[in-house]
Structures are given as structure tokens and as C-alpha cells.
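**Student:** Chain by chain, the residues run as shown.
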Amino acid sequence: MKVLKAEEGFTLIEISISVAMLAFISVVVIKLFLAASNINVKASEVDMATILISNELEILYDKTSLASLSDEYIVQDEEIVKKAYFDDLFVLSETGKYGMTISMKKETDALYKVDCTFMKGEKEIMSLETYKHFKYPFKKVGDGSD
Amino acid sequence: MNNKNIKYSVETIMVTLLLILFSIMVSVLIFEGSLTYKKVLNAKESEENTRIALSFINMKIKQNDLANRVYLDSFEGFGNAIVIEYGDEEEGLFSYIYFKDGALYECYSEGVLCDELSTKIVEVSGGSLNITEDGLIESKVSVNGREVSRLSAIRTNYERVVE
Numbered sequence: 067m068k069v070l071k072a073e074e075g076f077t078l079i080e081i082s083i084s085v086a087m088l089a090f091i092s093v094v095v096i097k098l099f100l101a102a103s104n105i106n107v108k109a110s111e112v113d114m115a116t117i118l119i120s121n122e123l124e125i126l127y128d129k130t131s132l133a134s135l136s137d138e139y140i141v142q143d144e145e146i147v148k149k150a151y152f153d154d155l156f157v158l159s160e161t162g163k164y165g166m167t168i169s170m171k172k173e174t175d176a177l178y179k180v181d182c183t184f185m186k187g188e189k190e191i192m193s194l195e196t197y198k199h200f201k202y203p204f205k206k207v208g209d210g211s212d
Numbered sequence: 355m356n357n358k359n360i361k362y363s364v365e366t367i368m369v370t371l372l373l374i375l376f377s378i379m380v381s382v383l384i385f386e387g388s389l390t391y392k393k394v395l396n397a398k399e400s401e402e403n404t405r406i407a408l409s410f411i412n413m414k415i416k417q418n419d420l421a422n423r424v425y426l427d428s429f430e431g432f433g434n435a436i437v438i439e440y441g442d443e444e445e446g447l448f449s450y451i452y453f454k455d456g457a458l459y460e461c462y463s464e465g466v467l468c469d470e471l472s473t474k475i476v477e478v479s480g481g482s483l484n485i486t487e488d489g490l491i492e493s494k495v496s497v498n499g500r501e502v503s504r505l506s507a508i509r510t511n512y513e514r515v516v517e
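Residue numbers (our numbering), protein chains in the order written: chain A, 67 to 212; chain B, 355 to 517.
Keep in mind the hints are simulated off the structure, nothing from the lab. Bear in mind that the values here come from a model prediction, so they are computed numbers and not experimental data. A portion of the hints provided could be inaccurate.
[What the hints assert, rightly or not] Only pairs whose alpha carbons sit at most 27 Å apart, straight line, appear in this in silico DSSO-like list of lysine-lysine:
id : chain 1 : residue 1 : chain 2 : residue 2
1  : A       : Lys163    : B       : Lys398
2  : A       : Lys148    : B       : Lys398
3  : A       : Lys148    : A       : Lys97
4  : A       : Lys179    : B       : Lys416
[As the list claims (entries may be wrong)] DEER-style ranges, computed between Cβ atoms:
id : chain 1 : residue 1 : chain 2 : residue 2 : range
5  : A       : Lys201    : B       : Ser428    : 28 to 34 Å
6  : B       : Lys416    : A       : Glu195    : 46 to 52 Å
7  : A       : Lys201    : B       : Asp469    : 40 to 46 Å
8  : A       : Glu160    : B       : Leu375    : 47 to 53 Å
9  : B       : Glu470    : A       : Glu173    : 15 to 21 Å
Built from N, CA and C at the ideal position, the CB exists for glycine as well.
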């Protein structure tokens with residue numbers, strides 16, 4: 067082990083090995099930071115999905131009749147569906163990488179099952195289902211019309 | 355190479371250069387690592403604080419949501435604040451929830467809104483409270499370069515729609 071017994075200090079081989087080790091450690095550390103950053107991004111997406119879905123449910127909660135739903139809800143195969151898209155900053159846009167679908171299916175006359183899904187492209191970020199009771203399912207509040 | 359006499363050779367210069375490179379790389383790695391770590395932590399903290407602020411507001415509204423007991427009002431020096439009127443054993447007491455100086459505050463008092471009686475709930479980079487066209491309370495908080503808004507339906511509005 068002539069190299070290790072040398073007294074001149076570090077040899078080229080020793081330094082090369084050190085640099086290689088440093089490079090390896092750097093890659094591991096950078097990967098850890100990237101993983102942490104990705105986890106933050108995913109957590110942020112789930113947060114935003116939760117907030118955007120609960121916002122939509124709050125708006126729904128406030129509606130007492132089907133007639134008072136906004137025009138964004140359309141009837142599609144016995145379901146009432148709303149689709150919305152959001153850009154990278156989760157701002158409402160016509161097209162975007164995030165998509166939210168709210169669909170309501172009739173259970174009884176006034177009770178609807180609500181399915182909410184939030185997608186990133188083809189990948190589902192979160193989904194939940196709940197029920198919405200319409201006090202006046204077929205009437206517009208106040209005017210008495212059908 | 356003689357051990358007693360120091361001679362500069364190509365190998366020595368290369369070794370010295372590599373050593374310097376090694377030191378610089380270690381320093382840069384530590385510096386950049388620490389910056390990235392702080393950035394990741396700050397982003398995480400901002401997201402957490404935003405979640406806490408919006409959940410706090412929503413929880414307070416839902417806990418006390420009786421007709422005409424929860425509403426939004428404007429106060430000089432404070433801007434818009436959510437006002438919660440308590441009943442029963444807490445009759446005459448109010449809670450004011452508002453954003454001021456980069457934080458969310460709650461003031462629990464006998465109808466007076468002031469800084470001295472206010473408690474800081476959580477620090478957020480900026481927030482505002484408004485009423486939407488549909489009559490829902492909208493809490494907006496800025497976080498990591500974007501604005502997060504959460505809507506809360508209130509019974510007062512619900513009653514108004516039914517009537």
C-alpha cells in the first residue's frame with residue numbers, strides 16, 4: 067500500500083476517490099431535496115383540490131333548488147354535471163392541466179348524490195362523494211314556477 | 355521525488371487544484387443545500403399557515419352559523435372583518451376575525467374591536483375577506499405566488515334566499 071504510506075499529502079487517486087464520493091453524496095442529497103420539493107407540490111395540489119371542491123360544495127349548499135344552479139351545470143346521461151379547468155396557479159381557465167368534475171345523480175325526488183373528482187391530466191388527485199338535499203328540487207325559489 | 359525537499363511537479367499542482375475544487379464543491383453543496391432546505395421549509399410553512407388560516411375561519415363560521423349571527427362588516431383601520439355574535443351564556447359577546455399586518459387575528463370582546471384584545475392566530479403573507487355575489491364569505495390568502503380563496507356559505511344568506 068505504497069499510496070497510503072506516502073508522506074507528500076493527498077495523492078491524485080485519493081483526491082479522485084474523494085471527489086467521486088462527494089459527487090455520489092451530492093446526488094443523494096439533491097435527490098432528497100427534489101423528493102421534498104415534489105412532496106410539497108403534491109401536498110399543495112391536494113390542498114388546492116380540497117379547497118376548490120369544498121368551495122363548489124359550499125356554493126351547492128347555498129342553493130335550494132335545481133333551477134338556481136348556475137348554467138355551468140348541464141344535464142348529461144341522467145346526471146347533472148359541471149366541469150371546470152384550472153391552470154398551474156389554480157386559476158379558473160378554459161383549458162388547464164387540472165380538471166374538476168362535479169356530478170349529481172338523483173337518489174330520491176329531492177336528494178342527489180354528488181360525486182366530486184379532481185384530476186391532473188389523467189391522474190386523479192382526489193375524489194369524494196356526498197349528498198345534497200334540494201328543498202325545492204323543481205321550483206325556482208320565490209316565483210312558484212315549475 | 356525526494357521526501358525532504360519539496361518539489362512542485364504536475365502531480366502536486368493537480369492534487370492542490372483538486373483539493374481546492376473539492377473544498378469549493380463542498381462549500382457550494384452546503385450553501386446551496388441550506389438555501390434549498392430553507393426554501394422548501396418556507397414553502398411548506400406558508401402552505402401550512404394558509405391551511406390553518408382558512409380552516410380556522412371556516413371552522414369558526416360553521417361552529418356559530420345561526421341566522422344573522424355571522425356576517426361581514428367593515429371597520430376603520432381593520433378593513434373587512436367577520437363578526438360572530440354569540441348567544442345564550444355568551445350573550446353580548448362578539449368575535450371579530452380579520453387580517454392585518456400579515457397575520458390572521460381574532461378579537462373576542464364585548465362589541466369592541468381593538469388590537470389590545472386581539473390574538474394572533476397565524477401569520478400569512480396577505481389576506482382579505484369579502485362577500486361574493488352569491489352572498490358567501492370569501493377568505494383569500496396569498497401563498498407562494500398564488501392566491502387561495504375559500505368560500506363559506508352562511509345561514510343568514512341561506513335564509514335570505516329561501517325567503
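**Student:** Output the indices of the hints that this structure fails to meet, ascending.
**Tutor:** Failing hints, ascending: 2, 3, 6, 9.
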